[in-house]
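Engineer: If you read the protein sequences in the order shown, they are chains L and Z.
Okay, so the first sequence: first residue is 0 according to numbering that gives the first Met the number 0, each after it adds one.
Okay, so the second sequence: first residue is 0 according to numbering that gives the first Met the number 0, each after it adds one.
Accuracy of the hints is not assured; some may be wrong.
Chain copies aren't distinguished; within one or between two, either way the pair holds.
Said to hold, decoys possible - Capping the alpha-carbon separation at 30 Å, the derived lysine-lysine pairs in DSS-like fashion look like this:
1. K74 with K136
2. K435 with K397
3. K477 with K413
4. K285 with K454
5. K336 with K223
6. K408 with K331
7. K397 with K454
8. K454 with K413
9. K331 with K413
10. K211 with K309
11. K408 with K309
12. K397 with K285
13. K427 with K267
14. K285 with K448
15. K285 with K424
16. K309 with K397
17. K309 with K255
18. K2 with K74
For the record, the hints were derived by calculation from the structure and aren't laboratory data.
Protein chains: 2
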Amino acid sequence: MAKVSLPKGTRDFSPIEMARRNYIFDTIRGVYERHGYMPIETPAMERNDTLMGKYGGEGDRLIFRILNSGDFLSKADQDALGEGNSLRTANSITEKSLRYDLTVPFARYVVQHQNDITFPFKRYQIQPVWRADRPQKGRYREFYQCDADVIGSNSPLNELELILMIREVFEQFDLDVEIKINDRRILQGLSKLLGIESRMVEFITILDKYDKIGLEGLINELTKNGFDKPVISGTIELVELVESGEGIKKSESLLKEFADNGIDDGVKGMESIMDIMSGLAGLLDKEYRASHNIEEEEDFIAQRPWDNVKHNLALARGLNYYTGMIIEVIPKEGSIKSSICGGGRYDDLTGIFGLPNMSGVGISFGADRIYDILLELGLFPPETSSSSHIMFINFGIKETEDSMLWVRKLRRDKINAELYPDPVKIGKQFKYADSKRIPWVAMLGEQEKEENVVKLKNLESGDEKYVRYDDLISQIAK
Amino acid sequence: MAKVSLPKGTRDFSPIEMARRNYIFDTIRGVYERHGYMPIETPAMERNDTLMGKYGGEGDRLIFRILNSGDFLSKADQDALGEGNSLRTANSITEKSLRYDLTVPFARYVVQHQNDITFPFKRYQIQPVWRADRPQKGRYREFYQCDADVIGSNSPLNELELILMIREVFEQFDLDVEIKINDRRILQGLSKLLGIESRMVEFITILDKYDKIGLEGLINELTKNGFDKPVISGTIELVELVESGEGIKKSESLLKEFADNGIDDGVKGMESIMDIMSGLAGLLDKEYRASHNIEEEEDFIAQRPWDNVKHNLALARGLNYYTGMIIEVIPKEGSIKSSICGGGRYDDLTGIFGLPNMSGVGISFGADRIYDILLELGLFPPETSSSSHIMFINFGIKETEDSMLWVRKLRRDKINAELYPDPVKIGKQFKYADSKRIPWVAMLGEQEKEENVVKLKNLESGDEKYVRYDDLISQIAK
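Same shape as in the complex, but just chain L:
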């Protein structure tokens, strides 16, 4: 037999997997649309000049390039070929590549269609992206991103709303999460305070590993990279602030320090976080008071419903283009402890394509990790399936026409129904219904036809009874 397989890092999705994935996408889509975000789609391929150089050198290497069609060698860079230089040769024999994320194509979209767009532009986009990463558990070469961004508005209301959307999505999944937020400008201020402004990116890249490597690991990494004592003791202080769990309150001392040292970026960052936190608290407090009978103020504070949003001074996020608030979501249950949603504000993403001063902010859900967690925790609703509700047994040519009439009537009543196509042994037909998880099987023979009924069997309970069409409908609807 011929061997068949898929390119590594790619997957098929079976009907049951599709049903679960659609549950995730539909939930996210529903929340996005209820918040006024509208869908767009961009092509799988973008021009190389759109993608290359936007993700750092490492990113470029992970982009899948499409070989030019036809006689591509005739236009190849002969010098590069002669030298065996794959990168330069690639530049001469490819013009387009598969998208690496949805953010850069979105920036390209906004610039290209700027005259047709009314800003602020709230868009969502749920599409696959491709990365030539080394495949490993939970990391694929083709995976879906679910992005929502609003571009052309500076208002912190947008950040607030994105946080509320994240809360709502995970509430619908019934998954307990921690939402961490921070502001890039605070990290800039910190770098300035510590006198390492020129090495900020390097510093926050290390800082970002805190959750994985702990305080000791952090100190090791900083030392190894030649950061000196004051930086290390400053970092220890910072981590203590984070670990104190009171984030925003304790860090008010930091605000004072920024202000005293005239560090505007840090001050703005602190204020933005405090605005967002107090907006959130005010809103959810009011909602909670309106919908609950609050007897004791202290009880209320204790059960405050918005306490899964935490200011975390050590949150940095890898991507370079963030300039304001950043956000990351970690599941509190299950074995996966890494980010399942993230985002932030970027002040100049469209600037790279020639449209400056367009501030945007967005989030992205990682559907694949969410899938694994919901599956592990048994959080998919049991009815997550698009299978038929009922199957009619095929007793032979003569009987099929009447079964078909019933089946067609059921479909017009919006019930997924099918007739087994071949008049094979009944056992085989039942086995098929069973494997497709079809809950009901109907039989319509000569006698049933005369009495205008079908014999209906529930595959779970094994119960059988004769029913007329209307009873059939109400049975299945249960």
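Here the structure of chain L is known, so what remains is to put chain Z in place on it, guided by the hints.
Structural biologist: The following block gives chain Z in isolation, referenced to the frame of chain L:
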């Protein structure tokens, strides 16, 4: 300003285009699922050995190949490189490609997962495919196919059901179509009768052009390709049969001729078509009689609801793998006169991957052409949009919190609602609502807040009134 553009033959989809496209996909998906077909998805990339050689030499040329990552030149075929042979070089520097259709990936899926599948397997698949075709009006390099196939069953009930599904999809689109069917075995029989069995593929490729080039064009092409007089006069007879419009009835004489000459293939093909047509007629007659008050038998015949399905002896369809019934759908309205849906039975598609004797039959809708036709004929429902139902005006920081509370309440009641994020001039906010086609705008100032109402404005009529929350809901629900 930097110039931004897309690879040629590819497109962005704006929110309004997305809404229309989703209307098409949702309609087709709904019909598929009500008929017991279940969704699968396969990755965008397949291994070259899965795709290459399955679409003829022309097809191979149109497949987009993915350049190997990293130092691909180190493994390149040096001889091919030296000779400047692009094709052989491509084989040595690419291992995977973008899928060209959904049928070959489906065959690969069935073979790969055969132990997990209960046959007959009814699956649908709605995904993009990529072809390096020369772009032109209505032809793109990335486009969606919407396929349904059932594999592992020989029953003609499957063909019947696929035809009923096609009818239902276009009924829902309110688009008048002609559904042409034929059987490859009839064409085989014809080739035998005409004594050109060995040139059958060539003959039917010419025959397939009849709709475009007419009888005269057909005669020219046949003459040019060296077919002799008897073939030409036989073809003329055939076209007359087709043009008579009575297809199946008149062609019963053909059945006799096949039988007299012992041409089994032709006989089986004729019988399969007659089975399908009479099954369809019987079923729809019965349904029609049951749901209508039939007074005059002649009226009934005249308004017979199934007469958009026609047996067309000249229908051939290009693809090589069809072996039984073939089907093609042509719109009767609008300026596009080419196929918008097609399919057929194939006896051995999975044989190429080592799983023989799996008969399958399937159809595929061309979403892009259907889009163009529905747009031209104004057949998209007016409410085809996922935009917000209502927008709240932003009067400034103080007022937003109360507006947010209303907006969040509306969302929990499943109403798409948004608050404009910035406290800019009211005119600008109204313009935004207008351009997003949001029908309702709400204003909540100090006075409204005190009275627990909002001022609600309908953007179409210009009417304004003060409403409480419950009235707001019922207004919008209308």
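Engineer: Take the hints in turn and mark each one as holding or not.
Structural biologist: Hint by hint, here is what the structure shows:
1. K74 with K136: For K74 and K136, the Cα distance is within 30 Å only across copies (28 Å; inside one copy 40 Å).
2. K435 with K397: Result: close within a single copy only, 26 Å intra versus 56 Å inter.
3. K477 with K413: Both ways: K477 and K413 sit 14 Å apart in one copy and 24 Å across, limit 30 Å.
4. K285 with K454: between (56 Å within a copy, 22 Å between copies)
5. K336 with K223: The answer is within: 27 Å in one copy meets 30 Å, while 71 Å across copies does not.
6. K408 with K331: Answer is between; shortest inter-copy Cα gap is 27 Å, intra-copy 47 Å.
7. K397 with K454: within (17 Å within a copy, 65 Å between copies)
8. K454 with K413: Within one copy only: 21 Å inside a chain, 40 Å across chains, cut-off 30 Å.
9. K331 with K413: between (39 Å within a copy, 28 Å between copies)
10. K211 with K309: within (18 Å within a copy, 67 Å between copies)
11. K408 with K309: between (54 Å within a copy, 25 Å between copies)
12. K397 with K285: Cα proximity of K397 and K285: across copies only (14 Å, versus 67 Å in one copy).
13. K427 with K267: between (69 Å within a copy, 27 Å between copies)
14. K285 with K448: between (62 Å within a copy, 14 Å between copies)
15. K285 with K424: This pair counts as between: shortest inter-copy Cα distance 28 Å, intra-copy 64 Å.
16. K309 with K397: between (68 Å within a copy, 24 Å between copies)
17. K309 with K255: Within one copy, since 20 Å is at most 30 Å while 82 Å is not.
18. K2 with K74: Between copies only: 23 Å across chains, 36 Å inside a chain, cut-off 30 Å.
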